[in-house]
Each structure stands twice: as structure tokens, then as C-alpha cells.
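Residue numbers (the numbering used here), protein chains in the order written: chain A, 1 to 90; chain B, 1 to 262.
Hints were generated in silico from the structure; no laboratory data involved.
In this text the structure is predicted, and so the values were computed from the model without any measurement.
Glycine included, each C-beta is placed from N, C-alpha and C at the ideal position.
Please note that a few of the clues may not be correct.
A few chain A residues facing chain B, derived, Cβ under 8 angstroms [what the hints assert, rightly or not]:
id, residue
1, Leu8
2, Ala12
3, Asp24
4, Thr31
5, Gly34
6, Gly36
7, Pro40
8, Met62
9, Arg66
10, Gly80
11, Thr85
12, Asp88
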Amino acid sequence: MQTEEMRLDGNAVGGALRDLFAADVTGARVTCMGCGKIGPLGTLLQYGHTMGIVLRCPVCDMALLRIVREPGSLHVDMSGLSFMTIPDVR
Amino acid sequence: MSELASSTAGGGNAIVPARLEWRVATVVDVHDETRHARTIVLDAPDWPGHRAGQHVDVRLVAEDGYQAQRSYSIASPPEESSISLTVERLDDGEVSSYLCDVLRPGDGLELRGPIGGYFVWSVAVGGPLFLIGGGSGIVPLMAMLRHHARADEGIRARIPVHLLYSARTWDDVIYRDELTGMANQRGVGITFTLTRESPPGWHGFHRRIDPAMLQETGWAPADEPLAFVCGPTPLVESVASMFVELGHEPARVRTERFGPTG
């Protein structure tokens, strides 16, 4: 079920994304493969899933980043994310 | 913070050596802010410091290995060595009820952080700073207000700040005494709006946030305020839309949605 109440944003998964990236990426600028929208990863929409993380474009709903964890591995689909600029933080 | 969703069962293997490590912090104090919100003050060894607006992930592990994980915003300013989290107790919330009802000074709490590079503010970023919070969405905004209050007078004079805080009732206002005290400081404005009940003699706003309220309490687009909006998803999304409709630059409005997972 994807209700408004369940809709969060990329800020919420900043910690989990540190399993993938060496730096905090919530402030990274990402470009949507679907519509070309450019914005901070923190503004992407995240729907509550116990299985993993799906970050969607707030404009066109394209899934930019999908992560599913299972014991022993992490599955990552970034096919909806065409470009990413990570700020050089401290 | 009210809890941002992310719950995992079972552990994960380290994929990247640079991953954020879990550490055990020690509870040094707990105190109730309202009937539903409690502040937990933590001493985290080797804490690298944080920026106002950041959060931590908290992990509880049961004896059978079951794990529950939530995110909580940091309420304390970067200037303090301890970390304060303010947790809203949610009915049937497995993590929030433990944090609010069971955790005592001296207990350990597993956390990782600080997390966040978008919904963060420091005096170096500048202003005018317009903070809009709903419910427990006040928590990261409080870190920003406290950070601002610790800056020297010249900086505070240069960066005016206004908080618009929407709560259900006067008794649901978190940090009420501290906020009303801040309202007397030069360059700081604090406005409450109560959406359900207001106390006798209440002269403040008594409705949900609307464009007129934003115009009355904030700045015009020409002043280029930087807005931070945090609270339940419907509030955040409606306020962000109002800002843009009022003519503010979308990039000057930063948002963080809080969810009701317990």
C-alpha cells in the first residue's frame, strides 16, 4: 500500500545508503533518467518497504534507485539514475 | 523524530569498508517534553560531531536476533558534546515505546551517524532563515535554532530567523518553555499555530498553516529566505507547494518528511 502517510523522502535512507557510498549522498544532485529532473537525492520520494529501498522521482515517479538487502548480499538497481554529483563533504 | 521508515530483519554484511559504523552510546539523561515526546541525552564515544538538521539511525536487537531500526533527528546543536534525540511515542511503536518507556540513564543504545547532507543548516549558509515545523518535525529545526542562538551577536543580527510551529494543542508543543524564551531574543521570531484545541485566552493562530500565515510570519520572495520544512508528509508537501506558489525559488525550500512507523 502506498499511502501519502507512508511516503517519505531520500533523507530517511541516508544511513542505509552509506552501505553503498563512502560519503553522505542525501545532498548529492541526481538526474532522473525518465524526465531529466535534477535535484538533491534527499528530495526523492521513498515509499516504506520492509524488503528494501525504492527512491522515486518527485516529478515523473521513475524509480531512480532500488536496493534490496538479503543475508549475504545487497542488490542495487540504478538504471533510472542517469547522473549523480556527490559534494565533497568534510 | 517521529520515525523515518527503515526496518530490517537480520544483519547485513559490510560491502564497503568506509560504511558508517554502528556505535554504542550511553544514555546520560531522559526527560519528558510532552505527554508523547521524550528527550534522550546520549554520550557517544568518539562522536565526530554533527550539523544542525542531521539525524542518527537507532538499532534495537532482540535476543533472537530480530532487529528494528529507526531514524531520529538530533535536537542538540553542534556546539554540545552530547547528543540529544527527541522521540515521539507512537502507539504500538516497537522502537519508540522502548525508547520512551524503558530506556534509562546508564543504558546503552546502538546508533550510527550523523546522517544527512541536504536538510542541514549552519550559520555559514546564511538566511533569512524560515523554519516551518509540524508536530515532532520541530526536532531538527530546534537544532538549527539552538545553533543560531550559540552564534555571536553579529552573526545573529545578520541572520534573522523565524519559526512557525504547528501543533495540535498547547500541551503538544515540544520545547515550549525554551521556544517562548527564544521569542524574546532580537532577530528571533517564534509563532505557534494550534490546529485542535487552544487554551483559554489564546490569541495566536488556530488553524492549519496556509499561504496567508506564511506571508504574515515569513519573508517576501525578494528577501530570498531559506526555508526548512519538516513534519508529517501532508504538511511538508502542502507548505512546500505554497512557498512556490507565493513566488519563492523552489531550491530555497528544503523539506524532510517524517513518517509514522513506530
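Now for the hints, and whether the structure bears them out:
Satisfaction of the interface hint for Leu8 (chain A) is found here, the shortest Cβ-Cβ separation to chain B being roughly 5 angstroms, below the 8 angstroms cut-off. With a cut of 8 angstroms, the hint placing Ala12 (chain A) at the interface with chain B holds, because the nearest CB-to-CB distance is about 3 angstroms. Interface restraint check for Asp24 (chain A): the shortest CB-CB distance to chain B comes to about 4 angstroms, inside 8 angstroms, so the restraint holds. Restraint check, Thr31 (chain A) versus chain B: the minimum CB separation of about 15 angstroms is more than 8 angstroms; hint violated.
Interface hint at Gly34 (chain A): violated, since its Cβ lies 19 angstroms from the closest Cβ of chain B, which is beyond the 8 angstroms cut-off. The interface hint given for Gly36 (chain A) is broken, as the beta carbon of that residue sits about 15 angstroms from the closest beta carbon of chain B, more than 8 angstroms. The criterion of a C-beta within 8 angstroms of any C-beta in chain B is met by Pro40 (chain A), whose closest approach is roughly 5 angstroms, and the hint holds. The beta carbon of Met62 (chain A) comes no nearer than 19 angstroms to any beta carbon in chain B, farther than 8 angstroms, and the hint placing it at the interface is violated.
Taking 8 angstroms as the C-beta cut-off, the interface hint given for Arg66 (chain A) is violated, the closest approach to chain B being about 14 angstroms. Interface hint status for Gly80 (chain A): violated, as the beta-carbon distance to the closest one in chain B is roughly 19 angstroms, over 8 angstroms. Interface hint status for Thr85 (chain A): violated, as the beta-carbon distance to the closest one in chain B is roughly 12 angstroms, over 8 angstroms. Checking Asp88 (chain A) against chain B by beta carbon gives a least distance of about 11 angstroms; that is not within 8 angstroms, so the hint is violated.
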